[in-house]
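If you're matching them up, the sequences are chains V and A in order. Counting in this note's numbering, the first sequence runs from 1 upward without gaps. Counting in this note's numbering, the second sequence runs from 1001 upward without gaps.
Keep in mind the hints are simulated off the structure, nothing from the lab. Backbone N, C-alpha and C define an ideal beta-carbon position, used for all residues, glycine too. One or more hints might be untrue.
Claimed, not checked - Cross-link-like lysine-lysine pairs, in silico, PhoX-like; alpha carbons within 20 Å at most:
hint	chain 1	residue 1	chain 2	residue 2
1	V	Lys164	V	Lys151
2	V	Lys446	V	Lys457
3	V	Lys359	V	Lys311
4	V	Lys89	V	Lys101
5	V	Lys569	A	Lys1199
6	A	Lys1195	V	Lys569
To be verified - Derived DEER-like restraints, expressed as beta-carbon distance ranges:
hint	chain 1	residue 1	chain 2	residue 2	range
7	A	Met1230	V	Arg401	41 to 47 Å
8	A	Thr1191	V	Lys590	18 to 24 Å
9	A	Ser1056	V	Thr597	51 to 57 Å
10	V	Glu594	A	Lys1038	34 to 40 Å
11	V	Gln479	A	Gly1196	32 to 38 Å
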Amino acid sequence: MAVSSRKRRVHGMLKLYYGLNEEGKTVDQAESLDPCDINGPHFDPEVYLNKLRRECSLGELMDQESCMVKQIRSLDSDMQTLVYENYNKFISATDTIRKMKNDFKKMEDEMDCLTTNMAAITVFSARISGTLQDQHAQITKLSGVHTLLRKLQFLFELPARLNKCLELQAYAQAVTSHRRARCVLQQYSHMPSFRGIQDDCHAIMDKLAQELRQKFRDGGSSAKDLSECVELLLQLDEPAEELCDKFLTHARSLSATPTAGTDILEFIDRGCNEFVSSLCLVIASYQELFVNRPQESNLAYKNIPQMAVGKLHAFVDSLAARYFSLVERRIQEEKSVGDNSLLVRALDRFHRRLQAVAKLLPGSAVPSQGTEIVVRAARERVKQYLAALQSFYLDSLTDVRQALAAPRLGGSSAGGGLPELLSSLSASILNQIKTVLASVHLFTAKDITFSNKPYFKGEFCSQGVRESLVVNFIKFVCQSSRQFCESAVDRGGSTPPALLLLLSRLCLDYETSTISYILTLTDEQFLVQHHSPVTAVTALCGEAREAAQKLLNHYVKVQGLIISQMLRKSVETRDWVNTIEPRNVRAVMKRVVEDTTSIDVQVGLLYEEGVRKAHSSDSSKRTFSVYSSSRQQSRYTPSYTPSAPMDTNLMSNIHKLFSERIDIFSPVEFNKVSVLTGIIKISLKTFLECVRLRTFGRYGLQQIQVDCHYLQMYLWRFVSDENLVHFLLDEIVGSTAHRCLDPAPMEQSVIEVICERG
Amino acid sequence: MEDDAPVIYGLEFQARALTSQTAESDAIRFLVGTQSLKFDNQIHIIDFDDENNIISKSVLQHEAGEIWHISASPADKAVLTTCYNINWSFGALGVQNASESRVVTSSAVWRMPPEWESGSHESPDDPHNSHNPQSLDLLCHLDNSAHGNASCVLWEPMGDGKRVISLADNHALLWDLTESSTQATISSSATLEGKGQLKFTSGKWSPHHNCTQLATANDTAIRGWDLRTMKQIYCIENAHGQLVRDLDFNPNKQYYLASCGDDCKVKFWDVRNISEPVKTLEEHSHWVWSVRYNHSHDQLVLTGSSDSRVILSNMVSISSEPFGHLVDDDDLSDGEDNHNDEKTKEPLQDSIISMYEEHEDSVYAIEWSSADPWLFASLSYDGRLVINRVPRALKYRILL
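This is chain A alone, in the form it adopts within the complex:
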């Protein structure tokens, strides 16, 4: 059980942005973007050696500004997007009149320099002293100055890395990346219209239906969009009592959607019947900032909250495997006797598997590893990244 202990990594800066390197399927690798107004921001590439339980890191400079959102291309592991703040006041520092200063959130596609792996690996613990930490290469800006502040950029799931959606204020923009991602053109867009200042807080590109659907969150509502027509297809008004912070699609059940928000709840929806949530979890004692389905076993749901906790729940009843994993006969050959016994057990009940309390500040981001389905990372505001595993007993119960 020793290797089940969480592995903790501390960043020097505060951080909100976390993603796993989607295109990488061999190494367990997470990308973290920092937030600092005074120093150059960085992207930390965290590699986790599962066998030795060791973390190694590389740092890339992100000079454009503090990172609010990061996401990695599903096709090219060197390509990623960030949403970052540009503080125009830096340019106007000399000017006494500070009224010109402005904070704009913008987004861009970047490429990691090819030599990063060898480059900064040598001195992982002392990035500031290393000479010339390498910078990201800008591929293109997702230029949206006309559309307002970007809140997130979404890659087409399992696509070829040619299409992204950016959410900016009340616009959802579908970009086509051409010429090795150095050109970005808007192919279509949708605008949220209504009373007041509407603003997308978060969104998710559905991996189902041939990737033609998008779900977005604004204020307390969740909306579904058809990307072919860029029209709204459903809208769950008052999905949460307060702001909806995040949502995620069930990777195996095309109509199922999880959402979380400031009412401390996690709700599961069947978008065919949006009048009532299928299930509601109320375990956190403050806002829930992030919710993630496990990519392979969708009964495993991870949530991170500003009560500094990460909760792993087992939602068997609404998963694609409500009666446990169906075992092939081949798998039985190497199984021990007691494992055979376990298969006859009652199906698992919906339950909280564990509550991770390693963080001491609000947890704003969580992510499953794309390489190892039993491993996940959580990031709290104070820059602490914690890598945890699904408890082994549960893992075996699901597998065997």
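So here's chain V without its partners, still in its complex pose:
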């Protein structure tokens, strides 16, 4: 224990001396501040002693003393060993230094020796180089001559080599060789021999250039070959402009014009594959050759790019124009409207392929022209569809006409299938419109590249499809309907009346529902945004209604005319003065009633009944007969008195005062009763006017009485206001009486008997 602590103390001192600080240093420091620490640096023996004396007992002091003594002894021995050790080391160091002194002396000698040797070597070396100087110069000269000779040999061999290259068609090698020699030859051209070589070379190179040009001109070589040729020729200082031209002319012949293919898709495909891709290739290689040349080339090339780009644009434009004209012609040939998808796909492909050109040649007008072609084609297409729709409409009208004519031939009642015809007609038209819309819709499909062009987003939908297709078609329907009204009047009613009726109903249906349906459908399908003003639904509906009204009016006119003609003929052709006593209703009246009934049936198939003025409960023949006979009495009886004419006029005038003025050819409403009223009005008015132009005998008057009674029996049920029929028939009988030489009216009962028998 005591040894280890002493050792540590010794270590600590050494450490302290060498400034080393290791662990335990804090302990040292803590101890060191204590003056009573016997090992600390601030140890104060006085304090320590005083402390010991104060604190410790005698025994302890004794122990302390013995301990102290022991420690002092061990310390002494330690000191002694240390001194010994140091001494020994000092001795050995002295020995070493002495030894070193001896060694250095030896080395100094050797160094002297070395110095003398080196001097000798220097002398020798100088002598050797002196002797070798001449020979070295000679060798250098020789090697220079050798190189020159090799170059000369190359030059002399050049023509032959070039020839050989020419033979082997290794043009590239030839050009490289020539390029290498060219400057030298140029420089030494004043010397005849070199001149000879140069001339030879020139001749050969000319030939080569010739050959290259020949190759360039020949068709067979591929674009790659071509570009190689051009590259070489350029290196041969051929004028770039001429080359561009030649290249392009050649390319022109190369881009074979697409032949007129079988169908449009194939045609466009072929066009794209052959023309557009070779065009792209040409553009690419051209650009590589002329436009994108590295700038390190000499001055002559500097303005090539601009020139070349200009030429390229002109070239592409002219070529594209030719191609476009071809394509356009082909598109125009595409008249059949059956399958639009083919055309759309073709146009899409066409448009898509042109995008490649756009990428290659950013400033080119080609893609926009292409888009324009597409737009034009679309426009043309819409027109064709309109024409197709129109012809479809006319065709279906012809079909309807035939269908109307057919049953009449078969002898069945006219217009039996009118409602079916109407529904099938309108359905087929609607279907056709839908088909057309679907076809046209392909133009705006999402996967079509040109569908996102502004034209196809806006104008095409609103102006193209909505206005010029749908609206125009509806207008066409109305217009052609109106034409039926106009043409038929002048050309003797070539249109069957049933068709007029049918069309009128069709137009009316259009007005009420179909137009708005179609337009809504269009707007939905095409998401039409109305930038420009478009035709309003109401305007179209108005037009349709007008057409329907016109057609119906015309129908009334035509049917009225047919009956009128019968009545007129029957009145005009008979000798009313010398007729026999009536025994029967004339056949023509039966015919009139029959026709009116069939018209009633026909109209009833398509139009609603309509409002009828309330009938008096017994609005039958009896009411009429009483009424008319009483009136007739009052009319005819006084005519035998001298003051008769005045009274007659008075009577009829008073009667007229209380009746409304009747417009004969007035517009009718869209219902059966109104239509029938119109027809009957026209017929009876004609009857009246014809009667007034004739002179009657007694039996003539009686025949008219019978006829009118018969008409009254059957016609009242068709009209809206039976008083109208009463009034007109009264007028007829009254006028006949006036025109009668011997006005002796028939007994009402007899008339009734005759009519009932008929």
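Place chain A on chain V using the hints.
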């Protein structure tokens, strides 16, 4: 405006025939022929006093039969022609067998008795009670029994009253009247030939081309004839959809012709180009029986129809004064300021001026007065004669 109200005159009989007294240029005078099978027919001479708005009438007996057409000589105001029915059955009344009875339309030239003006003027309202209403003096028959029923007789316009044309069935006969119109001889004739029973319904002697042209209507066609050769010079087939009822020449434009018919339309034709009408009016709601150009202002066109209406239209665009009347400076002196302003107005548009609804029966005849160009008469079947004026505002616009 009070004197613009229509003046109405009622005849006792039904009537279709109306004409203005062409040779009379001072008094406003119309002649109306009645139709009655039972009584003696009459010719009413209607005088209209424009200033007092009063009608005075005279009646002449026309015993020959009911009058279908009447026209007055352009040269002698006492001479007129009528087309009338003769009912032979009257003669056979006693005979039980009525089959002999026959109705024939014939035509004749008449002279009014010179004393008619003083004769029956006294008691205009009571013709039946007046003693011996005077009769017309027969000058001559336009004897056409060989040619069928006469439909109308036309005087040579502005002629000396020596030439008339009568249309009978399918014949057009040109007569020369000689010896103070007491002799009538056929100088030439034309016959319409074709399928079926063709019959002239109406005709008009053109006042142009030295009065060498005639236009006739049969069925739906209008035909032009050259009177020198009596050959057809043009034919408008299907001029109207149905029967053509009447036609009239534009008095100032020699190639212009108006026609009307049973298709309710009035059409204006340029006979140099007959494929299409120049203009079509479709205002009436029944057959149009009569159309007349105003004699002085040919933009004024009058039409009468069996829808009981008379329509006065202003067809400026196809008239001889398309830009309005060209005013002489002299006329301006008495014009008021506002009239001067009116002259600078836009030219008038084609339009309907007015629709006259005074009639209650079919209007078969209309006629402009030959004395006063702003006045016209219309006659409906019930015997009502209405005298109307062109609206004053329009009159001033045309004049000033």
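Here is how each hint holds up against the structure:
no., hint, in the structure
1, V:Lys164 / V:Lys151, "holds, 19 Å"
2, V:Lys446 / V:Lys457, "holds, 11 Å"
3, V:Lys359 / V:Lys311, "holds, 18 Å"
4, V:Lys89 / V:Lys101, "holds, 19 Å"
5, V:Lys569 / A:Lys1199, "holds, 14 Å"
6, A:Lys1195 / V:Lys569, "holds, 16 Å"
7, A:Met1230 / V:Arg401: 41 to 47 Å, "holds, 46 Å"
8, A:Thr1191 / V:Lys590: 18 to 24 Å, "violated, 39 Å"
9, A:Ser1056 / V:Thr597: 51 to 57 Å, "holds, 55 Å"
10, V:Glu594 / A:Lys1038: 34 to 40 Å, "holds, 37 Å"
11, V:Gln479 / A:Gly1196: 32 to 38 Å, "holds, 37 Å"
When the structure is compared with the earlier hints, a violation turns up for hint 8 alone.
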